[in-house]
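Colleague: For reference, the chains in residue letters:
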Amino acid sequence: MNDPLLEVENLKKYFTFTRGLVRRKTYYLRAVDNVSFTLQRKRTLGVVGESGCGKTTLGKTLVTLYKPDSGKILLHPDENTTLDVVNANDDELKQIRRTVQMVFQDPHSSLNPRWPVKNIVGEPLDILKLARGRKERENMVIDLLDEVGLKPEHLNRYPHEFSGGQRQRIGIARALASDPDLVVLDEPTSAVDVSVQAQVLNLLKELQEKKSMAYLFISHDLGVVHHMSDEIAVQYLGEIVEHGDSENVFNEPLHPYTKALLSALPVPDPEFEAHKRRIILKGTLPNAVSPPKGCRFHTRCPELVDEYKCKNECPRLKEVSKGHKVACWIYDD
Amino acid sequence: MIGLREYIAKKLAIAVLVLIGVYTITFFLTFMLPGDPARVSLGQHGSEEAVELIRQQWGLDEPRYVQYVSYLQLFIQGEMGKSFRYYPRDVIELIRYRFPVTAYYGLWSIIFAVAVSIPLGVAAAYKQNSIIDNIAVLISQIGVSLPNFWLGMMLIAIVAVRLGWVNPVPEVEYGYYWTPIGFFASLKDYILPILTVGTGMLASNTRLTRSSMLEIIREDYITLARAKGLSERTVVLKHALRNALIPVVTNVGLQFLLLVGGAVLTETVFGINGIGKLYIDAINYRDYPVVIALTLIYTGGVVLINLIVDLLYAKIDPRVSLR
Amino acid sequence: MADKEILMEVKDLVTRFYTEDGVVKALEGVNFAVYKGETFALVGETGCGKSVTSLSILRLLPVSGKTLRGEVLFHDAESKKRIGIKKEGPFDILKLTSKQALRMRGFSMSLITQDPMTSLNPVYTVGDQIMEVLQLHKKLSDKQAKKEALQLLEDVELTPAEDIFRKYPHQLSGGQRQRIVIVISLAAEPALIFADEPTTALDVTIQARVLELLREMKEEFNTSLVLITHNLGIVAEVSDRIGVMYAGRVVEIADKYTMFKRPLHPYTQGLIAAVPKITEKKDTLSFIAGTVPNLIRPPSGCRFHPRCPYATDICKEKIPSMEEVEPDHFVECWNVDEVIKDLEKEECE
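Residue numbers (my numbering), protein chains in the order written: chain S, 17 to 349; chain G, 54 to 376; chain V, 1051 to 1399.
Hint data in this document are derived by calculation from the structure and do not stem from the laboratory.
One thing to keep in mind: the hints can contain errors.
[As the list claims (entries may be wrong)] Stretch-level coverage of chain V by chain S, calculated; a stretch enters the list once three of its residues show a Cβ under 8 Å from a Cβ in chain S: (1) 1217–1227; (2) 1254–1264; (3) 1271–1285.
Beta carbons are placed, not taken as given, at the ideal position from N, Cα and C, and that holds for glycine.
All chains, full assembly: derive it from the sequences and hints.
Modeller: Structure below.
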């Protein structure tokens, strides 16, 4: 099975800012640094990491909300088409936006409070000129609402009239409007309660099946990511440090950071908790503006193998077992 | 973060540029006004020769740019030139003479506004929707919407004329109000101007203190301060007030600046010979040196007060770094 | 825990909020007890009243809130000494005068709030904020208080303590701030701490450290902890017993192993099943149909009945009372027998 939908190569997105009036100095915040991965059609890649690791920036770069500084993003809407996301012209950009959509984290701020639902969901239809005439547009919006479990009578209501879970459904309907092949989901359930979260996650899985979409699922909640994803990529200070099949990464994590992350996750199962070995990381997350030299995790790593190497040389992501990649000197022979 | 000295030096350097800019704009705008200062000074019946003589004396016969440069040179030497209207008196001397009375009632207005508004705003926020809160809201709404000059005239009509409690126009010997006794003794004479100027300030300060306080007392750290077992007094005065005052400080700084604008109206209404009166008269009589000098001093005041507010800010709120 | 000593009994606590939209019936008869030295978790979704419970007990409700009914019996001799109560037996916190309540707060019980970014006063140094409690409740001099504050900072591994002591909150990271909040809550060695979502705003690895610290400090000071959270993972990790709250009532109480293995209230069952777990992979998650009720017009009878698969007529009419269904396992449900029967059926299969 090799039918890639998305290929990302050495992607970099740095944010720059300057400080100082007399002696101006430019700083780079390396939000996404040298990230490469491939996502197959209809699959879900979970991206996990702590706040500030750059996972949201990665998602926004993929949907062309940010322009990358270097690297390649190739999109294959079908087997014979390749879209170069970084160097797209206007026509291609339109096609890319049809193919890739995003659902945002906060359903309160990502929906325009002064627009009724029919305009929020219908907007992508207008921009991409997907509907012919008002009637067809309205029917399309009703279908989209139906798909996410909302009713036609919701058409003329405003976002504040909905609960958090329903608002997230509206966001999903908007993303589905252009019939995308890839949806970037940025923490889609972090703002809702557990019982509602289950409903939204079930809906997302159902839609994926029905519409043959691939997901890039960004979350800090490892339990949710595990439930949703076929593959997992672990991001730390802008870099992907481990990437593999979901089961492999969760059952046999390779990178010390992944191990710590998993051991730190409280699992709702007291017996599991009672026997779990905890790795407590010392120190705080370094600043992404001046990340540590060498392996970025070395300042907190409990398993330093080679003092010199870990502190001075940056490990590359390499395949250790089939489909399981890790960037760590431990696995260097 | 940079050192305090470096910060002040930087601000002063910017101030010089601002002053030059303001001077340039004022200079050319002023000379664009219709009417010849020399003609205004001599009146309709002055002879052409006399007017020409004065124009030469005042340097008005020279090209604009020469006048512009010569004034600039004067300012660099720390002088302000001579007034047209009161020729040959120095502008500085005029301003020095007029300044004390404006400073006097202006300072009291601010003292009055701050002393009343902060406790009132705090009390109102602390007991939201109580009687005191309603009173505070009413005062701030009325105070903000009343025009200064109207309030002044009403106060004269009612308090001074009808009730006869105070003089409608202050009758205090020049300079007496800045003696230790006079500072308080003159209050009775200046109470109406103080109320006139102070009410607007009081209103906006009360409103700001109240809303800022309302926001702060909902903060987690206030709940936590209560959970520590601290008394309400400590919670409000120590933990809430200092945070709530941060926006109020800016507002009070701004009010110092508004004083000058307010002074023009107030001094006209109350017949006080202060800076405001000087300003408006200078404009009417085309006394350009005075107009330019006052505008520049005002600009300097703006810069200085902003600097003081910034420094105060950094003192109250450790999160603010001077930049 | 064989001979457990009761620290606090909450009985029939009723709290209302008077808002412009109407009266919010936030707590409708809350019952639970906390033992000495244990961690009791109050679990529930947004708006179930778990935070209101702690604020009602601490008597820190905002002006719009009022506790109408109930008792909070506190068994602690030292607290009685500090407050000045001579009477035998426990005292009722809700009956203290406001002056007495001041002495109780911080000394008998303290609070840890959710967001470390907003729970420290930005304009005072960390040292000031710690010393304040020490001087208030332990009557220490400036010098002694500073010494003890530095010691506390060392205890929570905030070193060099002298440096941290002089810092302002904005100069510290979220994890460091939360440790300072913990220090403040422990400074007067209270008998009970309410920790309201203490780690929700933190990253997983930082959260692990803060939870670890909370556990250590609790042991060291022999404090009881009421942990308020929506995160079932954290509950499984740190609590001893759990109370599940739904729409203003505690509907089930059990020790944590029982609660996760054999939940008996239909809501608890739904809640636990709805959480995705890394220990098992399912295609679909089960969920609770419907949404959390509006507490201005809550459902009649058992507030869970509109979403409950076991609901019968009586559920719509009367609120069930808390019954000890199995030893130390309390459930508030009219149809708990049916639930148990279903469980047994499942076990047979």
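Colleague: Now tell me if each hint is right for this structure.
Modeller: Status of the hints after comparison with the structure:
With a threshold of 8 Å between beta carbons, the proposed coverage of the segment 1217–1227 of chain V by chain S holds, since 3 of its residues qualify and at least three are required. Coverage of a stretch by a chain is defined here by at least three residues with a beta carbon nearer than 8 Å to that chain's beta carbons; for the segment 1254–1264 of chain V and chain S the count is 8, and the condition holds. Evaluation of the coverage hint for the segment 1271–1285 of chain V: fulfilled, as 6 residues show C-beta separations to chain S shorter than 8 Å, against a requirement of three.
Of the numbered hints listed earlier, not one is contradicted by the structure.
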